[in-house]
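Undergrad: Chains as they are written, first to last, in the working numbering: chain A, 1 to 370; chain B, 1001 to 1370; chain C, 2001 to 2370.
Hint data in this document are derived by calculation from the structure and do not stem from the laboratory. In this text, all values refer to a predicted model and were calculated from it rather than measured experimentally. Hints are supplied without guarantee of correctness; some may be wrong.
As the list claims (entries may be wrong) - With a straight-line Cα cutoff of 25 Å, these simulated SDA-like cross-link-like pairs (lysine to any residue) come out:
1) C:Lys2333 / B:Glu1330
2) C:Lys2339 / C:Ala2351
3) C:Lys2339 / B:Arg1340
4) C:Lys2200 / C:Gly2190
5) A:Lys319 / C:Val2321
6) B:Lys1319 / C:Lys2333
7) C:Lys2333 / C:Arg2320
8) A:Lys333 / B:Leu1338
9) B:Lys1319 / B:Pro1302
10) A:Lys339 / B:Lys1333
11) C:Lys2200 / B:Arg1269
12) B:Lys1339 / B:Ala1353
13) A:Lys200 / A:Thr266
14) C:Lys2319 / B:Asp1317
15) C:Lys2319 / A:Glu330
16) C:Lys2200 / B:Ala1081
17) C:Lys2333 / A:Leu342
18) C:Lys2333 / B:Phe1322
19) A:Lys339 / C:Lys2333
20) A:Lys339 / C:Arg2340
21) A:Lys200 / C:Arg2153
22) A:Lys333 / A:Ser346
23) B:Lys1319 / B:Ser1305
24) A:Lys339 / A:Ala353
25) B:Lys1319 / B:Leu1254
26) A:Lys200 / C:Tyr2096
27) A:Lys319 / A:Lys333
28) B:Lys1333 / B:Glu1344
29) B:Lys1339 / C:Arg2320
30) B:Lys1333 / B:Ala1318
31) C:Lys2319 / C:Pro2329
32) C:Lys2339 / C:Ala2324
33) B:Lys1319 / B:Thr1299
34) A:Lys319 / B:Arg1320
35) C:Lys2319 / C:Glu2334
36) C:Lys2319 / C:Met2298
37) C:Lys2339 / B:Gln1341
38) B:Lys1339 / B:Thr1350
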Amino acid sequence: MPSADPTALRIRLGDLAAELGGTLEGDPEREITGVAAIPDAGPGDLTFLADRRYEEAAERTQAGAILTAGNHRAFPCPTIAVRDPLQAFLAIAARYHPPVTPTPGVHPSAVLGPGVELGVGVAIGAHAVLEAGARVGDRSIVGPLVWLGRSARLGADCRLYPGAVVREECVLGDRVIVQPGAVIGADGFGFHMAGGVHEKVPQLGRVVIEDDVEIGACCTIDRGTIGETRIGRGTKFDNLVHIGHNVRIGEHSLVVAQVGVGGSTTIGRQVVIAGQVGIVGHLEIGDGVQIGAGAGVMTSIPAGSRMWGSPALPFGDAKRVFAATRRTPEMLKEIAALKRQLEELSARLTALAAGEPAASAADREPQRKP
Amino acid sequence: MPSADPTALRIRLGDLAAELGGTLEGDPEREITGVAAIPDAGPGDLTFLADRRYEEAAERTQAGAILTAGNHRAFPCPTIAVRDPLQAFLAIAARYHPPVTPTPGVHPSAVLGPGVELGVGVAIGAHAVLEAGARVGDRSIVGPLVWLGRSARLGADCRLYPGAVVREECVLGDRVIVQPGAVIGADGFGFHMAGGVHEKVPQLGRVVIEDDVEIGACCTIDRGTIGETRIGRGTKFDNLVHIGHNVRIGEHSLVVAQVGVGGSTTIGRQVVIAGQVGIVGHLEIGDGVQIGAGAGVMTSIPAGSRMWGSPALPFGDAKRVFAATRRTPEMLKEIAALKRQLEELSARLTALAAGEPAASAADREPQRKP
Amino acid sequence: MPSADPTALRIRLGDLAAELGGTLEGDPEREITGVAAIPDAGPGDLTFLADRRYEEAAERTQAGAILTAGNHRAFPCPTIAVRDPLQAFLAIAARYHPPVTPTPGVHPSAVLGPGVELGVGVAIGAHAVLEAGARVGDRSIVGPLVWLGRSARLGADCRLYPGAVVREECVLGDRVIVQPGAVIGADGFGFHMAGGVHEKVPQLGRVVIEDDVEIGACCTIDRGTIGETRIGRGTKFDNLVHIGHNVRIGEHSLVVAQVGVGGSTTIGRQVVIAGQVGIVGHLEIGDGVQIGAGAGVMTSIPAGSRMWGSPALPFGDAKRVFAATRRTPEMLKEIAALKRQLEELSARLTALAAGEPAASAADREPQRKP
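Only chain A is shown next, with the shape it has when bound in the complex (with noise of 0.2 Å):
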């Protein structure tokens, strides 16, 4: 709904049309005041069309207007017809939603150890703990409650979220985003047995995260138990992520929810790991990877292979295994009654053999009538 707010930002269709490049079909003078999916538009929003899936709600959206990519589906509203609706739409959106950024400076509940070096430009919120040496690179923002180990290290224009925490000796490059929550560096789970105790392997290593790497919210990245944990430029990583002592994940893979990847897996680039998958340790994922959800890995996969199940199958041998397991019920029938019948005919078999009339159900019937 429009709002009451006489200082919101109001744009004219006529002006938003001008600035998108793109094609109006109604009222130039309508004003919008805000944006929103199809179902929540109100009059005052913009909203847009991307995925057919929504064509049919999108006809009955109660929106101000519509950005679509021009087909010809009656609206009940306005329509901007422009090349990329989506891309149009949080162009838009970001301008009734700027980001909130906060000041740069040291708030005064923060607490730096000796040594700490800050670049310019640099925010670091409320009780945030700072340990020695720790480096923070320009125009970064360490969030309040989050917690720098000693020597960690941050490039520039990072963005860690409230309660993230990094700890000591770990590298985060340039642009890296950190939801709130997640733990980057703790210790691997190493332990050896010694006289019926597991004993704890000394985890020495580091976490090193590249440029425009995310990590979702409460992800667990452990560190290396020697050397290096490493997460590759531009990979994106989900909530609830786990990751093992020494994996490697190149460039630009994406990572979704609740994913798992034991200690010292090697991951290629651009690799795709839908929710919920599990991977083992000490596996070769290739480039360019794809594995469908839930699938649990249990051996390395050659690049450029799609996965699916548990254990992971080459995905159209998974689909085919999925839809033939579901006959299983039907195949035990089906055996059976092959047994019965098997049974039967080489009864009539042997009956035959021996001079008698054919035995079968279906071949005495004629012979009896006559």
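Based on these hints, arrange chains B and C on the given structure of chain A.
TA: Chains B and C in isolation, oriented as in the chain A frame:
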């Protein structure tokens, strides 16, 4: 064991029975000084039997007295028969373990931004951080080390435990409980591929949590990309649950630990989702649906269905498939045997048609003997 | 690479071999300035070979020296033969990476409630919060931003990393390690249905963690509803593990990442539970049980069993079932072929019984030719 602390609460069994409206068998002067489950209970403790699985253990209990539903098994201690032993027990237990609630007020170490609004009787814990414009309703408890983002809003009688994070603009209703470490309103997992690189889609929406919801420890509930992620009134989450952007869950649903729900999926009311279930994005899960532990849901589910397995099937089908699948090694052998028998039968038939004597081993044996 | 820092630790290979009681092949004057795993090691680094999988990589290492078990492969650098290369390596590695331990004392920004008791040599980090009556044993380290609830109790030589939460009344033994973000003592998931609404069952118990336990990052261990959730001495948890209310785990067990255990399940000693396993509530898992990755455990397991699969089966059965299940698409085809062949055979038999010539294609072909 009876507490050595002379100030500890002591209740006579006669008084207990009267208070609960139950029927005592045993000494009314005996005193109860604590409560405990059957295996832990000592001579000063009240315990209870509400589940037949524990009947045998109850007959060997060391407890000072036991609450039962009035069955006539032989217990080694006084009994109080009541209609609902669990409810009665919890009522007494709450007297021995009164909830820990902080004194209202703002701890001097808490940091409150400009424009923060606090209702009557609010408690703000040590080192909590409330950003500009955050609002907290009457009698709500914001625990130590909690972070509320800019303009986040809590209703009345909420309780946020230490380390919980509520990002900017998110809204919690009345009587919402958030266990430690939960993250509400992190960015959704939204990227679009541009030139081989995943570009972040700004996450401009929010999370709305309705009245009487409980969120477990270390859950992550992402904000809407545009619009809302919404958790319906009375819905309860166990720990480590992941909810993607723009998910909507109806009222009075239960979501058990480590469930993951992909973005834009809609879930109905009074749904029960067991532990470690994964539900992919963009689905519709109807009202009253029940999903068994570990299921992988890849397709929408009509209201009232029970589902299980991965990929999920109707519950009865899933059970039959699981049972039949366990017999696949046997099925392989049976199929191989059928093939052999069929070949043998075919050979016998061919031989018979050619005028030769029947060729089966079974047939041959008697023929050789004479 | 050799460090440019003149104060960095430099050890002669001759001294290293003497210290380790090993046999050096190579120049005893060569100096080691760091440690690294095989693929990361540079000319100043000591590395080690303890796993045959890395033999080939070891033959191409850039390391300054390698610890081996005395086999005779050709390494491109000096070798020191020792009985246990990993142990020897870790001993040296610990000298190059001494553990980061804070100076004892209470950071001025920490908040301690009334009646908090601190042992000798305790370190309390910045912004830590210890509620009334919390007790911390000698030499324990409570990291920055940690929260200890009312009357929570830590033994001696514990280490709680930043962001860990221990709720009221919970008890940790000696030498317990808690990684960042772990939550001990959150409310269990207990509700009873009353008039279509889930009413909270008060969670009145506690968590007891015995000596020498390690809890991974972002684990959630719920308190008992009544009585205890208990983790036995020497048991180790990886990250993101969920433990429901009133679970009991025995001594010296291992629980790998993302495992979930439902309420009131009892698990024995020296049990190994691999990653992403789910165990439903109210089960008994015997001593020495091993459960394979991703398994779904729905029934109790006798001591000493190895289980795998979902629902879990004895390990050998599960392997056979997995192998056979992969052949279900082939089985479907074979069953269809058997049905066709059986029908054909039946038809041939019927024809033969009726005095007609044999009807099989195989039989007919030779008959037609002459």
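Undergrad: Could you tell me which of the hints above the structure violates, numbers in ascending order?
TA: Of the numbered hints, all hold.
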